Amino acid sequence: MTRERKRQLFSLLIIGILAVVAVWFNTPWRPQVQIGSFERDLSLRLGLDLQGGSHLIYRADIKGVPEAEIEEAVAGVRDVIERRVNAFGISQPIVQTSKVGEERRIVVELAGVHNPETAISLIGATPQLDFRKEVSATVNVDDQTGITGPTFERTALTGRHLKRATVDFDQVLGAPQVGLEFDGEGSDLFAALTRESVGKRVAIYLDGIPISAPVVQTEITNGQAIISGGFSLEEAKQLARNLRAGALPVPIELIGQQTIGPTLGRLSIQESIAAGLLGLIAVAAWMITFYRLPGLIASIALVLYAVFFLAIIRALGVTMTLAGVAGFILSIGMAVDANVLIFERLRENLRAGKTIRYALTDGFREAWSSIRDSNVTGLLSAIIMYYFGSSIIRGFAVTLAIGTLLSMFTAITITRALLHLVMAWKATHRPFLLAVKSMKAL
Amino acid sequence: MIVNPKLWFWISLITIAASVLIIVLVRPLWGIDFVGGSLLEVKAPEENLEKVQVLLEDTFSISSTIQPTPEGTLIIRTPVLTSEQHQKILGALTAEGLAEEELRFEAAGPTIGAALRRQAIVALVLSIVLMIAYLAYTFRGAAGLTNPWKFGVAAVYAVLHDLLLVTAIFALLGKTWNVPVDSLFVTALLAIFGYSVNDTIVLFNRMATNWVARRSGNLLTNIDQAIRETLMRSINTSMTILLVLVTMLLFGGTTLRWFVVALTLGTITGAYSTIFVATPCLYYLTKRR
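Here the protein sequences line up with chains A and B, keeping their order.
All residue numbers for the first sequence refer to my numbering, where the first residue is 1 and numbers rise by one.
All residue numbers for the second sequence refer to my numbering, where the first residue is 443 and numbers rise by one.
To be clear, the hints were calculated from the coordinates, so they are not data collected in a lab.
Keep in mind the model is a prediction, meaning the values are calculated, not measured.
It is possible that part of the hints are untrue.
[As the list claims (entries may be wrong)] Going by beta-carbon spacing under 10 Å, a handful of chain B positions derived as facing chain A:
no.	residue
1	Gly-478
2	Ser-480
3	Ser-525
4	Ala-549
5	Ala-556
6	Val-564
7	Met-573
8	Leu-626
9	Phe-635
10	Thr-682
11	Leu-684
12	Leu-691
13	Leu-705
14	Thr-709
Each residue gets a CB set at the ideal place from its N, CA and C atoms; glycine is no exception.
For reference, chain A alone in the conformation it holds in the complex (with noise of 0.2 Å):
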């Protein structure tokens, strides 16, 4: 066996097993990654658009803020948000921020959620603060929350009357602390609570969540108050932001949305399977009709290509929306453009006299400069969308530049392994199978 041989049935080893390893990605026999906290169960991550839900974009108010605070303002905002949906119980609801231009959004994505009117009126209502006395715990006087043990009766001091909420840090002991301030009205009510209450608790409730419950030590007098006891530097921070939410420091407003009902999901997801299926048959039908053998072999590399793509798409985790799965339907069709390239080549080298083996090898190597090309301009412009792009958009750009990169391994390399195993049979050195008029003989 030579040296080229040997290297030939290696890289067809490697396929072979880089083929099962993504067979079995697909099979619902796959495996459940798990890298320390990395986890990944594999299954096919389906965008809005195919699963149903409801796609919310919000714009944060930002005017007037002072540049240092406003990715804290905005933190904020997504805070309140995602504890609002959290309480709707909608499973793996996704808030996001982001930063278009000068603006700030706030992206909502409610997976299974056809009927966003109750969400986006829980999400859009001005966030609930208030401050609650202790009362005898025997007393359920707010039943509303139902929570038991010490209970706490409303006030009239809500996160109207809070000026400000700041992370400061204990004089004596460096340890971290919420500073509150209160405005004038709240000042004299916040008094009037606190002098009820020394020796007791105040409670501080957000959207009807307890969030802090410190001992008053005095009356307070000033508006002012200070909530200590043992908080992280980031749970100080939190809270503070919680409570300056509460106050509404920066105002949202709904500037877009997108709802999927179920069924437009489920057809989708028919439809395009459908379509994709099709599209590979009619791909191979053309390919086998005009290049016959090595048409053949490029068919099988086409079938891989879905199987692999499929199998990456579920190992990243990319996230499947309808723009992607036409992405991925059209780079069936691209993806034999370096069969179409290498094999003309092929084509026009036996024409010329050439020997298999040399036509077959000066094939690969003449058509590699337009190939690179092609994939490079095709790279270019998926990056360039998916800069461009909102999720859809982002999607397709994705799935077309996983489908550029993969299609050249498989258009290439498995291309190339396959004929040169199938090439050493002599048998196949007939004019009918590799679509020429006529060749020289070996």
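Got chain A; can you put chain B on it based on the hints?
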């Protein structure tokens, strides 16, 4: 002779001028994501179309354009609706028995549109600059024969021809079938961009290789031969892409139908423009050296 450069160059100029004229005069129907507005797709038979329109006009004083789809749904476009308005309209439609089920609802405020429009323009301009630069780099080997930048300019000229032509067709489709030019369409344009340049590169590559190898010969004969040599590849690649696009048109859903139509048109003009637009342009650029 496949190419009569003078004739085809003039045809490409006329096509571009006509496309620009159509885009300016007819004006594309901008999608709601670009200009703001709401889109509501409901399951309802076509005969309810007018009743729905009248209901929206009379009860809610909302003007709408409604388009039936072959799948028995109606796509209703209106100015931006608030959540409450949307709920009320949906309630009224089902109460009147005009629509069964809401399939999707989209709303976009005007600020989203402004940002998207800016992004779309940036993306297209960036693509043009990067492509010219990359082509100049990759054809630097032909520097002894002609300025490599000319390859990039000719390829981008062909791409602009394709993009303008497809946009003009969509402007007309917008007039007749309410087909919108939205961010999905811009995505299609960017994909067409990639494909059209790709097709042109393969031809130019062959041209440059032959040219460098021979260092002589008539420019036109050279171009002609390169076209002959790459023609089968160009046809076959376009055909495989068209095959999958056609299956998507026939079996894919409505949501992406016009997106696929844009890609189909782009694939056809992309292959056409390589030979009949990019090549004559390159010919004139290099001839005047």
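Tested hints:
1. The closest approach between the C-beta of Gly-478 of chain B and any C-beta of chain A is roughly 9 Å, which is under the 10 Å cut-off, so the hint is satisfied.
2. The interface hint given for Ser-480 of chain B is met, as the beta carbon of that residue sits about 9 Å from the closest beta carbon of chain A, less than 10 Å.
3. At a threshold of 10 Å, the smallest CB-CB gap from Ser-525 of chain B to chain A is about 5 Å, leaving the interface hint in force.
4. Proximity of Ala-549 of chain B to chain A holds as hinted, the smallest CB-CB distance being about 5 Å (cut-off 10 Å).
5. Given the 10 Å rule on beta carbons, the hint for Ala-556 of chain B holds: about 8 Å separates it from the nearest Cβ of chain A.
6. Taking 10 Å as the C-beta cut-off, the interface hint given for Val-564 of chain B holds, the closest approach to chain A being about 7 Å.
7. Because the closest C-beta pair between Met-573 of chain B and chain A is about 6 Å apart, less than 10 Å, the hint holds.
8. Contact between Leu-626 of chain B and chain A, as hinted, is supported at the beta carbon level, the nearest pair being about 7 Å apart and thus within 10 Å.
9. Using the Cβ-Cβ criterion of 10 Å, the hint placing Phe-635 of chain B at the interface with chain A is satisfied: the shortest such distance is roughly 5 Å.
10. The restraint placing Thr-682 of chain B at the interface with chain A holds, with a minimum CB-CB distance near 5 Å, inside the 10 Å limit.
11. Look at Leu-684 of chain B: its Cβ gets to within about 7 Å of chain A, closer than 10 Å, so that hint holds up.
12. This hint holds: Leu-691 of chain B has a C-beta 9 Å from the nearest C-beta of chain A, less than the 10 Å allowed.
13. Nearest Cβ of chain A to the Cβ of Leu-705 of chain B: about 7 Å, under the 10 Å cut. The hint holds.
14. Nearest Cβ of chain A to the Cβ of Thr-709 of chain B: about 9 Å, under the 10 Å cut. The hint holds.
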